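Those sequence lines, one after another, are chains A and B.
1 is the number of the first residue of the first sequence in this note's numbering; add one for each residue after it.
327 is the number of the first residue of the second sequence in this note's numbering; add one for each residue after it.
No lab work stands behind these hints: they were computed from the structure.
Owing to the predicted nature of the structure, the values given are computational and were not obtained by experimental measurement.
Fair warning: there could be bad hints in the mix.
[Stated by the list, open to error] In silico DSS-like cross-links for lysine-lysine, where the CA-CA straight-line distance does not exceed 27 Å:
| no. | chain 1 | residue 1 | chain 2 | residue 2 |
| --- | --- | --- | --- | --- |
| 1 | B | Lys619 | B | Lys332 |
| 2 | B | Lys579 | B | Lys357 |
| 3 | B | Lys559 | B | Lys548 |
| 4 | A | Lys221 | A | Lys100 |
| 5 | A | Lys47 | B | Lys579 |
| 6 | B | Lys460 | B | Lys386 |
| 7 | B | Lys640 | A | Lys303 |
| 8 | A | Lys303 | B | Lys631 |
| 9 | B | Lys549 | B | Lys522 |
| 10 | A | Lys252 | A | Lys321 |
| 11 | B | Lys548 | B | Lys462 |
| 12 | B | Lys357 | A | Lys303 |
| 13 | A | Lys252 | A | Lys325 |
| 14 | B | Lys357 | A | Lys306 |
| 15 | A | Lys39 | B | Lys579 |
| 16 | B | Lys605 | B | Lys545 |
| 17 | B | Lys579 | B | Lys601 |
| 18 | B | Lys460 | B | Lys531 |
| 19 | B | Lys386 | B | Lys545 |
| 20 | B | Lys328 | B | Lys615 |
| 21 | A | Lys221 | A | Lys303 |
| 22 | B | Lys386 | B | Lys328 |
| 23 | B | Lys601 | B | Lys333 |
| 24 | B | Lys333 | B | Lys545 |
| 25 | A | Lys306 | B | Lys462 |
| 26 | A | Lys180 | B | Lys579 |
| 27 | A | Lys306 | B | Lys631 |
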Amino acid sequence: MAETAYWEAIRRAHDEEMARDKMVIAMGEDIGVAGGTYKATLGLYDKYGEDRVIDCPISENSYTGIGIGASMVGMRPIIEIMSINFALLALDTIVNAAAKIRYMSGGQLQCPIVMRTPGGTAHQLAAQHSARLARMFMSTSGLRVVTPRGPLDAYGMLKSAIRSNDPVIIIEHEQMYNLKEDIPEEEFFRSLEGAEVVREGTDITLIGYNYSVHLCLEAAKRLEADGISAEVVDLRALKPIDRETIRESVEKTHNVLVAEEDEAPVGVGSEIITGIIEDCFFALDSQPVRIHAADVPVPYNAKLEKAAIPHADDVYQGALKVLGKI
Amino acid sequence: MKDADKKRLLREMIFFRRFEDRCFEAYMERKIGGFLHLYSGQEAVATGVLDMARTGQGEKNDYVITGYRDHIHAIKTGAPAREVMAELFGKETGSSKGRGGSMHIFDASQNFMGGYALVGQPFPLAAGLAMGAKHKGTDQIAICFLGDGANNQGTFHETLNMASVWNLPVLFVCENNGYAIGTHIDRSTAQPEQYKRVDTAYNIKSSQHDGMNIETVLKEAKKAIDYVRKEQKPYFIEFMTYRFRGHSMSDAKGYRTRDEELEWEQRDPIKNFSKNLIKEGLITEQDIKAMEKEIDDEIENDIIKFAEESPEPKVEELTRYVLDDNPDPRWVGPLQK
Ligand SMILES: Cc1ncc(C[n+]2csc(CCOP(=O)(O)OP(=O)(O)O)c2C)c(N)n1
Ligand SMILES: [Mg+2]
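If we strip away everything but chain A, and leave its shape as in the complex, we get (with noise of 0.2 Å):
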């Protein structure tokens, strides 16, 4: 086991995946020559060279464009856009294109990209770099959609997308890029499928994705100090999203609360309680709650930005409001 940065993680992937097959490029702004925003292609400019780091110009649809076109033809680009809300360019090339080329084609064409992206607010980046948008993505078909929470996922859930032949978006965030895990030395893999019980508990089941697991991790253990015992699923998928395990969780625990950093309407919160209700209704002995961020463009003054995204006391007073504490 080592001790593993986020972004190294996802480096390592990069770095493991680059050196066994030349097919796998990278391509996004800055992450040549400068390394990357975030790290994730540090130094691989110089060990793999110009063509396989590809440093590409502020034209986020087109590049993303040639990334899908080249994967038709059997490479496997890794894009990374700086940031989801600049993802929002490249939506014509990804919805229109990546997620359908497979099923116009009868399935004689494949669009086996990686598409990775932060999304989520860090610290008074303002309106037009805070967007979330998962929800976006994982009402496409066509498309695959991960939130890795940890190094742990963000290693094995890159390497693998890369080796996915479908599309894959894999949703990053701000704030986690330099959060630690240890994580096997040996090569591994993670589904692109499948949430995961990532605390056990009995009284309330909490569901988050992303960013929003150590929330819901964190409200957790002070549920934990008030005699409450929480469980904690990561959806880690978004697409497809695993019903089954959250049917198990809710039929044990019997209340739930879904904590998602996007706004609420037809978001992920809304998908996931719909599930419940068509999955296991009689199982609930209580209303389910969405924690969720106010219907605002995010402010840039810190306490408003502070009032309209989610926190860990948000989720915690959540819980209680399930099971009817306050």
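On the provided structure of chain A, position chain B with the ligands as indicated by the hints.
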């Protein structure tokens, strides 16, 4: 140029440099958060171009729009410097009421139509502002400042084409500082001479000039602005310049050499203009020292003080400005069921 104007312009540029230096300090003191992109080195471009634009007349001003490196463009267009600083401090008295921050300074009362974080986003917006002005029959023009890197965005090419076909009065000002964050222009752009990318391709007149010399900028900007206003056609003007600080407060460094930096520092628009004015006998070293002192006092005792002492927005007003307070302001008759 009148002597008084020369002295005024020198003072303005020194003010802009000191303003940005003070922002740097305030960021270190954690008074400013988020992303902060400073304009030091490029002062002559915004100062010169906007001095030739129509400003200071409120709603009659020309429209100005730019990216995230926007403080100086906002101030020179007419946004009060203390409100810009208050915005950086996240205060209710800020240009955008503390909601926007450094990258999103707006002052609609002066037709400063905003700073935008998404590279390339302002191009079509600028053409739209020009279309509005033309439609309303005013003789305002739109001025769009953006970097060299932005010209690789699809919006650049699409907008230039439409602005040309539709004869829109918009001046595109390319501030070519050679880099998009840490990527040198030669590594991202097939034709690094930006002005050459538009003339034959989009049938738009264009030219390239020294952006480190305020007198050149003034002269060339005047010609370009007069052309746009009179001919009701777009123009593309490129100024060669350099940013003296990092891309933002977090900067990878190492992507450019110290020699290159020193070479450009020799061309510092403020130092050189000062030297010229001293040579012409318009001003002395001591006058400049006194000017700097006066500016620093103004920044500290007025601008920073105002920003410090202003209230923050109220948390209860979190959802204010998301939508119009009036659910349907245009509805005049009874609502139909
Ligand atoms: C659509 C989009 N892609 C990427 C970015 C990240 N980014 C911010 S500034 C910048 C470089 C822009 O360079 P240039 O246009 O030359 O302006 P300069 O910063 O040099 O003034 C990049 C890539 C962004 N803000 N928006
Ligand atoms: Mg530039």
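The hints, checked one at a time:
{"no.": "1", "hint": "B:Lys619 - B:Lys332", "in the structure": "holds (19 Å)"}
{"no.": "2", "hint": "B:Lys579 - B:Lys357", "in the structure": "holds (24 Å)"}
{"no.": "3", "hint": "B:Lys559 - B:Lys548", "in the structure": "holds (15 Å)"}
{"no.": "4", "hint": "A:Lys221 - A:Lys100", "in the structure": "violated (43 Å)"}
{"no.": "5", "hint": "A:Lys47 - B:Lys579", "in the structure": "holds (20 Å)"}
{"no.": "6", "hint": "B:Lys460 - B:Lys386", "in the structure": "holds (13 Å)"}
{"no.": "7", "hint": "B:Lys640 - A:Lys303", "in the structure": "holds (8 Å)"}
{"no.": "8", "hint": "A:Lys303 - B:Lys631", "in the structure": "holds (20 Å)"}
{"no.": "9", "hint": "B:Lys549 - B:Lys522", "in the structure": "holds (18 Å)"}
{"no.": "10", "hint": "A:Lys252 - A:Lys321", "in the structure": "holds (19 Å)"}
{"no.": "11", "hint": "B:Lys548 - B:Lys462", "in the structure": "holds (24 Å)"}
{"no.": "12", "hint": "B:Lys357 - A:Lys303", "in the structure": "holds (13 Å)"}
{"no.": "13", "hint": "A:Lys252 - A:Lys325", "in the structure": "holds (20 Å)"}
{"no.": "14", "hint": "B:Lys357 - A:Lys306", "in the structure": "holds (16 Å)"}
{"no.": "15", "hint": "A:Lys39 - B:Lys579", "in the structure": "holds (13 Å)"}
{"no.": "16", "hint": "B:Lys605 - B:Lys545", "in the structure": "holds (21 Å)"}
{"no.": "17", "hint": "B:Lys579 - B:Lys601", "in the structure": "violated (30 Å)"}
{"no.": "18", "hint": "B:Lys460 - B:Lys531", "in the structure": "holds (19 Å)"}
{"no.": "19", "hint": "B:Lys386 - B:Lys545", "in the structure": "holds (23 Å)"}
{"no.": "20", "hint": "B:Lys328 - B:Lys615", "in the structure": "holds (22 Å)"}
{"no.": "21", "hint": "A:Lys221 - A:Lys303", "in the structure": "holds (25 Å)"}
{"no.": "22", "hint": "B:Lys386 - B:Lys328", "in the structure": "holds (25 Å)"}
{"no.": "23", "hint": "B:Lys601 - B:Lys333", "in the structure": "holds (12 Å)"}
{"no.": "24", "hint": "B:Lys333 - B:Lys545", "in the structure": "holds (17 Å)"}
{"no.": "25", "hint": "A:Lys306 - B:Lys462", "in the structure": "violated (42 Å)"}
{"no.": "26", "hint": "A:Lys180 - B:Lys579", "in the structure": "holds (25 Å)"}
{"no.": "27", "hint": "A:Lys306 - B:Lys631", "in the structure": "holds (25 Å)"}
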